[in-house]
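First to last, the protein sequences are chains A and B. Counting from 7, one number per residue, gives the positions in the first sequence under this note's numbering. Counting from 61, one number per residue, gives the positions in the second sequence under this note's numbering.
Be careful, since some hints might not be right.
[What the hints assert, rightly or not] Sample of chain B residues at the chain A side, in silico, Cβ under 8 Å: (1) LEU70; (2) HIS96; (3) LEU179; (4) LEU208; (5) GLY210; (6) ASP235; (7) PRO263.
[Stated by the list, open to error] Anything over 10 Å on all C-beta distances counts as not near chain A; from chain B, calculated: (8) VAL69; (9) HIS120; (10) CYS142; (11) GLY180; (12) TRP190; (13) GLU205; (14) PRO242; (15) ALA248.
Because the hints were derived from the structure by calculation, they are not lab data. Glycine included, every Cβ here is placed at the ideal spot set by N, Cα and C.
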Amino acid sequence: MTLPAAAIDEWYPVAMAPDRPLRPDQETTLLGERVRVLLDGQEPRVEANDGRNLPVIVRHGHVWTSLGAPKHDLFAIPEGEQPGRRLVECGAIRVRCSPLRAVENFLDIAHFPFVHTDILGSEPHTEVNRYEVRIREEVDEVWATKVTFYQPQAAKSAQGGITTEYMYRVPHPTCSVLYKTCPPRPGEWDIITLFVQPLEEDLCQVWPWMALFDDQTPQADLIQFQQMIFLQDRSILENQIPRLLPLDPGMEMPTRADLTSVAYRRWLKKRGYHYGAQLVAA
Amino acid sequence: MRPTLYDYVLSPSCYKARLMAALVGSELESVAVDFHPGGDHRKPEFLMLNPAGTLPVLTHGGLILTETTAMLVYLVRLAGRCEWLGGEDPASAARVQQWLAFSARLTASLGLARLHDMLGRPADIDAARWAGTLCLRELESALVENRLLGEDFLAGNAPTVADVACFPYVMLAPDGGVSLDPYPAIRAWTRRIRALPGFVEMPGIHRLHDLRPEPGEAEAAA
Numbered sequence: 007m008t009l010p011a012a013a014i015d016e017w018y019p020v021a022m023a024p025d026r027p028l029r030p031d032q033e034t035t036l037l038g039e040r041v042r043v044l045l046d047g048q049e050p051r052v053e054a055n056d057g058r059n060l061p062v063i064v065r066h067g068h069v070w071t072s073l074g075a076p077k078h079d080l081f082a083i084p085e086g087e088q089p090g091r092r093l094v095e096c097g098a099i100r101v102r103c104s105p106l107r108a109v110e111n112f113l114d115i116a117h118f119p120f121v122h123t124d125i126l127g128s129e130p131h132t133e134v135n136r137y138e139v140r141i142r143e144e145v146d147e148v149w150a151t152k153v154t155f156y157q158p159q160a161a162k163s164a165q166g167g168i169t170t171e172y173m174y175r176v177p178h179p180t181c182s183v184l185y186k187t188c189p190p191r192p193g194e195w196d197i198i199t200l201f202v203q204p205l206e207e208d209l210c211q212v213w214p215w216m217a218l219f220d221d222q223t224p225q226a227d228l229i230q231f232q233q234m235i236f237l238q239d240r241s242i243l244e245n246q247i248p249r250l251l252p253l254d255p256g257m258e259m260p261t262r263a264d265l266t267s268v269a270y271r272r273w274l275k276k277r278g279y280h281y282g283a284q285l286v287a288a
Numbered sequence: 061m062r063p064t065l066y067d068y069v070l071s072p073s074c075y076k077a078r079l080m081a082a083l084v085g086s087e088l089e090s091v092a093v094d095f096h097p098g099g100d101h102r103k104p105e106f107l108m109l110n111p112a113g114t115l116p117v118l119t120h121g122g123l124i125l126t127e128t129t130a131m132l133v134y135l136v137r138l139a140g141r142c143e144w145l146g147g148e149d150p151a152s153a154a155r156v157q158q159w160l161a162f163s164a165r166l167t168a169s170l171g172l173a174r175l176h177d178m179l180g181r182p183a184d185i186d187a188a189r190w191a192g193t194l195c196l197r198e199l200e201s202a203l204v205e206n207r208l209l210g211e212d213f214l215a216g217n218a219p220t221v222a223d224v225a226c227f228p229y230v231m232l233a234p235d236g237g238v239s240l241d242p243y244p245a246i247r248a249w250t251r252r253i254r255a256l257p258g259f260v261e262m263p264g265i266h267r268l269h270d271l272r273p274e275p276g277e278a279e280a281a282a
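Next comes chain A alone, as it looks inside the complex (with noise of 0.2 Å):
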């Protein structure tokens, strides 16, 4: 298939920032072509399958390119950059779904009761509150504010049950950053992204990363916290019908609580980012 400008001109992570005491991985695949990530020195150098050198920005604890041309500078996370914030790298989790679709999940909280039980949310509080969702023209990123939602342990550090206040932001169709109530730091928002690097349509690998103030667990607590609430929609994600996500309303009938997708799905139609998606109505 031919791929979408929207698609090929975008960044894309391929492996964790060189700091990290690990080699990135030596070959992976971004958009179905093969891609290989390899050290000079210090420096991630990304090469194509045709041996020619792509564009590299390392940020937010991970090497990002591109197979195309971005116009555009990769997406800034002001608050990641406060003095204090714990940097966690969570590694590369393989799922086998659409990466729209991963993002998409980790915008919905009416599923915490029932898949992150006793975590992220429990029955009977399932109800999902009114919410604000806009798509911000200026700087063309969809945003969902006054989220809350009632969560028995809503991270590592938290003690008992609290209500929870999220505010979600899509500035990237496969990237995805939550800003959500610090348990130990009230008025900070503790930051928890999840960056999708889309190997096919129905192929994606997920490196999540966040940005906490949490001076007291180990980083090894932080990051299998992450990857449990992961793993537990990972066979979920692999389960969802159909496999691409669609972008015009057919048979489905959104609620209130999809107020966040139905603006995902409208914003990427309009950027015309079709990798992953299906344009038949579902």
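Starting from the structure of chain A, add chain B where the hints point.
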């Protein structure tokens, strides 16, 4: 003092120890080891504890266990719940050992396919899935035969360490691209295990939904 489990939340083998402890009503201290992406189980400090570089490891006082089946036996005896070791007649005792050894084949096949599909580890994925499929067929046949004898579990009519050793990699087979749809006896067995008092889940293994009873269940019990 409680036993200490060097633990990785996504490891089905680590989950065996957590599940066993929960089923016999014991508690473990857990130490998280950064298996992925950190690879801490291959670092010198960890190799001093377990030269094989595998997870889990269970320590208690001066005892260091690195084999999961040994941990299951230890946790059961420590709790004085010896019914989990199965019957004492020669055939029952041997059946438990048979399935404990079989569980290693599940790890090497279904477990490998899962590591490949989930964490991108190198593997001959077709060979791993096919070996896993053969294990599942063998398990399905055995469970059907047990049911004909009126037995609900692998080594008789009560759950044993053998069920705990085999359950996790079987239940997580779909994570490695192997469906459980063709195996009704296996699916019924996994429901029986998930219904045991004290059962705990791990990511990918969901608890039975307690708000949705089986049809007629409440009425029949009344």
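> Does the no-contact call for HIS120(B) survive, Cβ to all of chain A over 10 Å?
Replying inline: The assertion about HIS120(B) holds, with a minimum of 21 Å to chain A.
> Is it correct that the beta-carbon of TRP190(B) has no partner in chain A closer than or equal to 10 Å?
Replying inline: Correct as stated: the minimum Cβ-Cβ distance to chain A is 18 Å, above 10 Å.
>> So, as I understand it, the hint says HIS96(B) touches chain A; can you test that by seeing if any CB pair is closer than 8 Å?
In response: holds (5 Å)
> Should the interface hint for GLY210(B) be scored as holding, given a Cβ-Cβ cut-off of 8 Å against chain A?
Replying inline: This interface hint is violated because 33 Å lies over the 8 Å limit.
> Non-interface claim for CYS142(B): all C-beta distances to chain A beyond 10 Å?
Replying inline: holds (31 Å)
> If you take the shortest Cβ to Cβ gap from LEU208(B) to chain A, is it below 8 Å?
Replying inline: violated (32 Å)
> Can we keep the LEU179(B) interface hint, with Cβ of chain A closer than 8 Å?
Replying inline: holds (7 Å)
> Is the hint on PRO263(B) kept, meaning its closest Cβ partner in chain A is under 8 Å away?
Replying inline: Holds, about 3 Å.
> Minimum Cβ distance from LEU70(B) to chain A below 8 Å?
Replying inline: Holds. Min distance 6 Å.
> Are all C-beta atoms of chain A more than 10 Å from that of GLY180(B)?
Replying inline: violated (5 Å)
> So is PRO242(B) really clear of chain A, every C-beta pair being over 10 Å apart?
Replying inline: Per Cβ check, PRO242(B) is outside 10 Å of chain A; nearest 16 Å; holds.
>> Holds or violated: the hint that ASP235(B) contacts chain A, with Cβ atoms closer than 8 Å.
In response: Holds, because the Cβ-Cβ distance from ASP235(B) to chain A comes to roughly 7 Å (cut-off 8 Å).
Hints 4, 5, 8, 11 from the list above are not met by this structure, while the remaining hints are.
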